[in-house]
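Participant: Note that the protein sequences, when read in sequence, are chains A and B. Take the first sequence: its letter number 52 is residue 52 in this note's numbering, and every next letter is one higher. Take the second sequence: its letter number 383 is residue 383 in this note's numbering, and every next letter is one higher.
To be clear, the hints were calculated from the coordinates, so they are not data collected in a lab. Where hints are given, some of them may not hold.
[Claimed, not checked] If the Cβ cut is set under 7 Å, some of the chain B residues that face chain A in the computed set are:
#1 Cys136
#2 Cys172
#3 Thr218
#4 Val509
Everything numeric in this text was worked out from a predicted model, so none of it was measured. C-beta: ideal position from N, C-alpha, C; glycine also.
The primary structure of each chain is shown beneath.
Number of protein chains: 2
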Amino acid sequence: MSTTKSSLIRLHAADNVAVARVSLSPGAVLSEFGIAAKTPVPMGHKIALRAIAAGEAILKYGQVIGNATRAIEACEHVHSHNLAITDLHLQHEFCVDAVAPELFPEADRATFLGFKRSDGRVGTRNYLAILSSVNCSATVSHAIARHFNTSGELDGFPNVDGVAAFTHGGGCAMDGRGEGYAILTRTMAGFARHPNVGAALMIGLGCETNQIPAIVETQSLVAGPTLRTMTIQATGGTRKTIEAGIDAVRTMLPALNAQRRSVQPASELVLALECGGSDGYSGISANPALGYASDLLVRHGGTAVLAETPEIYGAEHLLTRRAATPEVAQKLLDRIEWWRDYVRRNKGDLDNNPSHGNKAGGLTTILEKSLGAVTKGGMSRLEAVYEYAERVSKRGFVFMDTPGYDPVAVTGQIAGGCNMLCFTTGRGSTTGYKPVPCIKLATNTPMYERMAEDMDLNCGEIVTGEKTIEEIGQQIFDKVLAVASGERTCSEQNDYGDYEFVPWQVGAVM
Amino acid sequence: MSTTKSSLIRLHAADNVAVARVSLSPGAVLSEFGIAAKTPVPMGHKIALRAIAAGEAILKYGQVIGNATRAIEACEHVHSHNLAITDLHLQHEFCVDAVAPELFPEADRATFLGFKRSDGRVGTRNYLAILSSVNCSATVSHAIARHFNTSGELDGFPNVDGVAAFTHGGGCAMDGRGEGYAILTRTMAGFARHPNVGAALMIGLGCETNQIPAIVETQSLVAGPTLRTMTIQATGGTRKTIEAGIDAVRTMLPALNAQRRSVQPASELVLALECGGSDGYSGISANPALGYASDLLVRHGGTAVLAETPEIYGAEHLLTRRAATPEVAQKLLDRIEWWRDYVRRNKGDLDNNPSHGNKAGGLTTILEKSLGAVTKGGMSRLEAVYEYAERVSKRGFVFMDTPGYDPVAVTGQIAGGCNMLCFTTGRGSTTGYKPVPCIKLATNTPMYERMAEDMDLNCGEIVTGEKTIEEIGQQIFDKVLAVASGERTCSEQNDYGDYEFVPWQVGAVM
Ligand SMILES: [Ca+2]
Ligand SMILES: [Ca+2]
Ligand SMILES: [Ca+2]
Ligand SMILES: [Ca+2]
Ligand SMILES: [Ca+2]
């Protein structure tokens, strides 16, 4: 895999095609590969690195994206005219690509400075969370958080990262035995006991479907010194509840402020992988570089959480091949089946085939398109599949079933326990998600330069040939450790995260 | 209809049953009705005001709630043992109860002080709205609003009620040709051109499904001096967009501040009717009193907008009987059919029959239960049925198809052009909804007293016998005029409305 000063990006050593960084004319010399272009190859399109026989598998990202539909000469343009998915059999095999991660020796494992919590998990931030059970208590929740964020009262608590309100548009007029209710309670509980949340206050109206006592009981939370609850109706209205909430937060702040960072193994990092506002570069720069970092984290004993089921739809067999057990593979296929039903019931369309624009950009098959998204999860064995907002308990590379929509996906990943987030973007997504720091990875240099105050790292240097995927991947890994230890990201400096808590709303609003 | 100092509440002059305000023992004398209880009648339950023959219709709210299943003596308890729906035919007739409203003579029509807008509509408040097309621009939108609400910069603009951000959890990863997208764009457009919004700024990220240029074009909005638009990606990131947004608001404030209240006819009022956190008193105090005020407004030439389809479900024929035309009746039934499908597709349950608790509280039939909700729309002829967030253009009493869930229902009503809101509550809902003032009507005195800072008017005096439905209804009407003219409600004093914009999310989140 070499990209420096080349006109080509070869995404994996086993690949028999590479991607043209620039438009190539016939005869263009590609020195380090010892080849010259035989045909015109548009920017972002594939070129054969050697002769490929008819029927032979085409490899990109080290994985099969289809087969040659005729003999392809070395240095020829590879696209719809000579590449298609012809052998569906291969991709349906469970676990055939699953290789146990080669963990680094204990002594070589990376560390960071984190907040060790009483349940053994480690936080990368130290927040007090105000969780609203229903939209009706959103204003009260924000008013309490605003008091602390504007009064200067937090100045006396330097080890507290903030008091943040997590409010939403749901919580009532929903089926109290349905999937949507289960998702909402799981999400709220996941935030309440999140390792980045040292103390929490849950506030309801009182008469909502999403009753706080039921959340506490069914989710095995423990109300006490670090989890307080109240309702507006029982407290006697808006002003009294804001005052009572401020008092409750005040009683929790000293213990929260007493928490200190200490040296912790990188194996305590649970990294959410996300992309939003993707472009034609996502699959060749930021995503594979993040995949490299993800694999590194797994080898340090940590956890990486891929998500966004619609992004892998139609190519889920890429992941089942990497599944550690047939049960893990089957659980993923079961979730895919659920999605087919969900979208059909909602009269939608889950087509993930390359669009006309994708094809013009050089993507030929659905496997190739999905690989561009999946590659941010690296190559590691798939250890587990989780439902939305389910607590992530396995280490290594895992998958969580979420929509692709950024705030909904990330809310689920955070609820599952992710304490770090890397977010690749091509068009320029600027958001962030309390209580977890979000590292923004730009796929291209022009966007990085235009939105420098919002982007933490430029993966566009892979596209320009200044850096390799491995070099940028290592930078991402180092950045994850630094940010986990307290370095603030762009989205934290821009104070994102007060409006991006969006639990997946499934089911009818009644 | 007389309730003062009585133990009974008779909801309509034509009724042959009344509701016991207190538990009645046999022999309890009910002087002004000239009767004495024959059997025990629990509080909230019905008592026969005269002998009722077997098969005869039982009338409450002046409408049929079922038929006597056996002969009922005067002063007997009326409930499941002697009342049921036996004649389904009656309720299915279209338009039979439709009577054209008796408008007051022009000279006697009420007026208020409102902001006359260039399109002829009249505002009751004068807001600048910041509308976010997608969750990704929520933080930027709130940051711009926060600047004006905390910097003191609005002090120079005393005729501006506020700069408010309307943000939400949707806007992307949705079907761009689906119902959910149509609802979202209609809702945003309804707020952008709302008579209470004198100027608006729409902010997007840039790459979202819910494109601002498409909203402007399909919804026939006109970008210009009172409607500015921008995206974070085109503007160059978070900080630059906040600065550009602040500048854009600054350029719009002088013209907004130049708007003045003037005397306007009450016919320009479009009153949203809503209930939330209902209790056993809702149907006998606040809701019928609001219905009285609603009928008054209609007679003054104004508009009242009933909503919350699930609350009338199973008894929609109560409204089709009042429909002005068969087309209006049929449109309501079509929406009910849509709801059956919506809930079935979402694996929910739309059962609106009286629950065990409802029955214990004295509600016998689904017609009676639905009438308790419908009664806040008074008795007037049903002039039109609107889909969610559709612009209300007919005057008089109309219906909008919305969920029962308060923030979603009210968001739709406001998008439709409602410039006033009356909200009945028994348990104590405290919320409010910018840019429209919300008058909170308490159904019972204990809650009113416990939450006095959140409740604008106590309809519990009907339950205690201190006031009649007509007296409280008149108070509500007078309060609507006062608030429309600028008097601030409890929820405005408590600064609700920055987190309660919740467009109905229909369809899959992908
Ligand atoms: Ca995404
Ligand atoms: Ca920065
Ligand atoms: Ca903040
Ligand atoms: Ca409601
Ligand atoms: Ca405010």
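Participant: So, for every hint listed, does it hold in this structure?
Facilitator: Right, here's what the structure says about each hint:
no. : hint   : in the structure
1   : Cys136 : holds, 5 Å
2   : Cys172 : holds, 6 Å
3   : Thr218 : violated, 20 Å
4   : Val509 : holds, 5 Å
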